[in-house]
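A.B. asks: Here is what each chain is made of, one letter per residue.
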Amino acid sequence: MAESPARTAFAEEALTHLDTLYRGALRLTRDPDQAQDLVQEAYLRALRYQHSYQQGTNMKAWLFAIMRNLFWDRFKGSRKEDVSLDDVGEFVLYDKLRDEGARPEADVLDKLAASEVVEAVEKLPPLHREVVLLVDVEGFSYKDAAQALGVPIGTVMSRLHRARQQLQKSLYDYALESGIVRGSNNNQVHE
Amino acid sequence: MDCPDCKEKLDRYVDRELSSTEVLELQLHLEGCPDCSDQYEFQAHLKRLVKHSCDCDSAPAAFREKLRQILT
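For the record, the sequence lines run as chains A and B.
This note's numbering numbers the first residue of the first sequence as 521 and each following residue consecutively.
This note's numbering numbers the first residue of the second sequence as 49 and each following residue consecutively.
Keep in mind that the hints were calculated from the coordinates and are not lab data.
For glycine and all other residues, C-beta sits at the position ideal for the given N, C-alpha and C.
Do not take every clue at face value.
[As the list claims (entries may be wrong)] The calculated lysine to any residue pairs, modelled on SDA-like cross-linking and capped at a C-alpha distance of 20 Å, are:
{"id": "1", "chain 1": "A", "residue 1": "Lys643", "chain 2": "B", "residue 2": "Glu89"}
{"id": "2", "chain 1": "A", "residue 1": "Lys616", "chain 2": "B", "residue 2": "Lys55"}
{"id": "3", "chain 1": "A", "residue 1": "Lys616", "chain 2": "A", "residue 2": "Leu632"}
{"id": "4", "chain 1": "B", "residue 1": "Lys57", "chain 2": "B", "residue 2": "Gln75"}
{"id": "5", "chain 1": "B", "residue 1": "Lys95", "chain 2": "B", "residue 2": "Arg60"}
{"id": "6", "chain 1": "B", "residue 1": "Lys95", "chain 2": "A", "residue 2": "Asp615"}
{"id": "7", "chain 1": "A", "residue 1": "Lys580", "chain 2": "A", "residue 2": "Lys643"}
{"id": "8", "chain 1": "B", "residue 1": "Lys114", "chain 2": "A", "residue 2": "Leu632"}
{"id": "9", "chain 1": "A", "residue 1": "Lys616", "chain 2": "B", "residue 2": "Cys104"}
{"id": "10", "chain 1": "A", "residue 1": "Lys643", "chain 2": "A", "residue 2": "Asp627"}
[Stated by the list, open to error] Counterexamples of contact, computed for chain B against chain A with all Cβ distances above 10 Å:
{"id": "11", "residue": "Asp50"}
{"id": "12", "residue": "Asp53"}
{"id": "13", "residue": "Thr69"}
{"id": "14", "residue": "Glu70"}
{"id": "15", "residue": "Val71"}
{"id": "16", "residue": "Leu72"}
{"id": "17", "residue": "Leu74"}
{"id": "18", "residue": "Gln75"}
{"id": "19", "residue": "Leu76"}
{"id": "20", "residue": "Glu79"}
{"id": "21", "residue": "Phe90"}
{"id": "22", "residue": "Val98"}
{"id": "23", "residue": "His100"}
{"id": "24", "residue": "Ala107"}
{"id": "25", "residue": "Pro108"}
{"id": "26", "residue": "Phe111"}
Generate the whole structure from the sequences, applying the supplied hints.
C.D. replies: Below, the structure written as structure tokens:
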């Protein structure tokens with residue numbers, strides 16, 4: 521049976537955001553097959569609840585909200601048990617590297633492999649991972665991220681801050697393990 | 049603006065979330081403070097690194113086509 525032109529137009533517009541949804545689902549599930557299942561279900565749900573989308577608002581944030589809510593329902597049980605984040609304190613990678621005599625950008629950032637950065641992002645608890653995905657990877661404003669996550673803007677900011685601290689700590693640990701930098705008592709950087 | 053104020057606002061500056069007045073104040077401080085300026089460059093670089101490392105995946109073409117057939 522042919523779909524209505526309105527439904528087809530809505531679906532076509534929604535599909536322009538497929539890469540964002542797929543990347544988000546991939547980083548949340550860490551599994552391509554599960555990511556495709558999640559995204560497909562999210563699109564089907566979006567079409568079913570098309571009437572609840574308000575024209576002129578951010579469709580990408582709306583779709584992401586549907587996808588991440590399904591993720592929490594399907595993959596994480598009832599709600600957000602996986603929220604703990606190691607307390608790394610105020611870990612500022614820039615200060616740490618400068619204290620150790622490194623040139624933070626040239627000596628360290630330029631030498632980090634993309635795969636290690638992805639791994640560091642995927643190690644974040646999902647509640648913190650998703651805010652990094654929205655703001656840093658997909659370029660959402662705090663307001664749009666807050667809409668997609670269903671939380672106040674202040675919560676976006678605090679989760680983002682903690683996530684970045686943890687991310688910087690993970691990247692520092694990787695730089696230590698891989699020999700890009702040496703520890704605190706040796707102010708040399710490997711060439 | 050002093051260095052602690054600047055550092056407190058760097059995240060929001062990198063994320064383009066400051067008001068135009070705050071941006072002007074912060075840029076004025078960065079022009080005269082090499083340490084804060086270096087830290088800003090580092091944070092902006094780190095944000096770009098996270099983006100470029102994570103945004104290279106796109107939906108497989110076959111999946112896109114399958115969805116199009118299901119949805120339209």
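A.B. asks: Taking the hints in turn, state whether each one holds.
C.D. replies: Against the structure, the hints come out as follows:
For a cut-off of 20 Å, the pair hint linking A:Lys643 to B:Glu89 is broken: about 25 Å separates their Cα positions. In summary, the hint linking A:Lys616 to B:Lys55 is supported, as the alpha carbons are separated by about 15 Å, within the 20 Å threshold. Note on A:Lys616 and A:Leu632: the hinted pairing holds, with a Cα-Cα distance of about 16 Å set against a maximum of 20 Å. Note on B:Lys57 and B:Gln75: the hinted pairing holds, with a Cα-Cα distance of about 11 Å set against a maximum of 20 Å.
Using a Cα cut-off of 20 Å, the hinted pair B:Lys95 and B:Arg60 holds, with the two alpha carbons roughly 12 Å apart. This hinted pair checks out: B:Lys95 and A:Asp615 have alpha carbons roughly 16 Å apart, not beyond 20 Å. Taking the CA atoms of A:Lys580 and A:Lys643, the gap is about 25 Å. The hint is violated against a cut of 20 Å. In summary, the hint linking B:Lys114 to A:Leu632 is not supported, as the alpha carbons are separated by about 36 Å, beyond the 20 Å threshold.
About 29 Å separates the Cα atoms of A:Lys616 and B:Cys104, which puts this hinted pair outside 20 Å; it is violated. Distance restraint check for A:Lys643 and A:Asp627: the Cα-Cα separation of roughly 24 Å exceeds the 20 Å cut-off, and the hinted pair is therefore not satisfied. Listed as outside the interface, B:Asp50 is consistent with that label: its C-beta sits roughly 17 Å from the nearest C-beta of chain A, beyond the 10 Å cut-off. For B:Asp53, the non-interface assignment is confirmed: its Cβ lies about 16 Å from the closest Cβ of chain A, beyond the 10 Å cut-off.
Once the 10 Å rule is applied to beta carbons, B:Thr69 is consistent with being away from chain A; the minimum gap is 18 Å. Residue-level check passed: B:Glu70 sits 14 Å from the nearest beta carbon of chain A, beyond 10 Å. Here B:Val71 stays apart from chain A, with its beta-carbon at least about 15 Å from theirs, past the 10 Å limit. With a closest Cβ-Cβ approach of about 20 Å to chain A, B:Leu72 is found to remain outside the 10 Å limit, as its non-interface label requires.
With 10 Å as the threshold on Cβ separation, the claim that B:Leu74 sits away from chain A holds: the shortest Cβ distance comes to roughly 17 Å. Listed as outside the interface, B:Gln75 is consistent with that label: its C-beta sits roughly 19 Å from the nearest C-beta of chain A, beyond the 10 Å cut-off. With 10 Å as the threshold on Cβ separation, the claim that B:Leu76 sits away from chain A holds: the shortest Cβ distance comes to roughly 21 Å. Every Cβ of chain A is farther than 10 Å from the Cβ of B:Glu79; the closest lies at roughly 19 Å, confirming the non-interface assignment.
A cut-off of 10 Å between C-beta atoms contradicts the statement that B:Phe90 is not in contact with chain A; the least separation is 5 Å. The claim that B:Val98 lies off the interface is violated: its Cβ sits roughly 5 Å from the closest Cβ of chain A, which falls inside the 10 Å cut-off. The beta carbon of B:His100 is not kept farther than 10 Å from every beta carbon of chain A, the shortest such distance being approximately 7 Å. A Cβ of chain A approaches the Cβ of B:Ala107 within 10 Å, the least distance being about 4 Å, so the stated non-interface status is violated.
Against the 10 Å criterion, B:Pro108 falls within the reach of chain A, whose nearest CB is about 8 Å from its own CB. Against the 10 Å criterion, B:Phe111 falls within the reach of chain A, whose nearest CB is about 5 Å from its own CB.
Against the hints set out earlier in the document, violations occur for numbers 1, 7, 8, 9, 10, 21, 22, 23, 24, 25 and 26.
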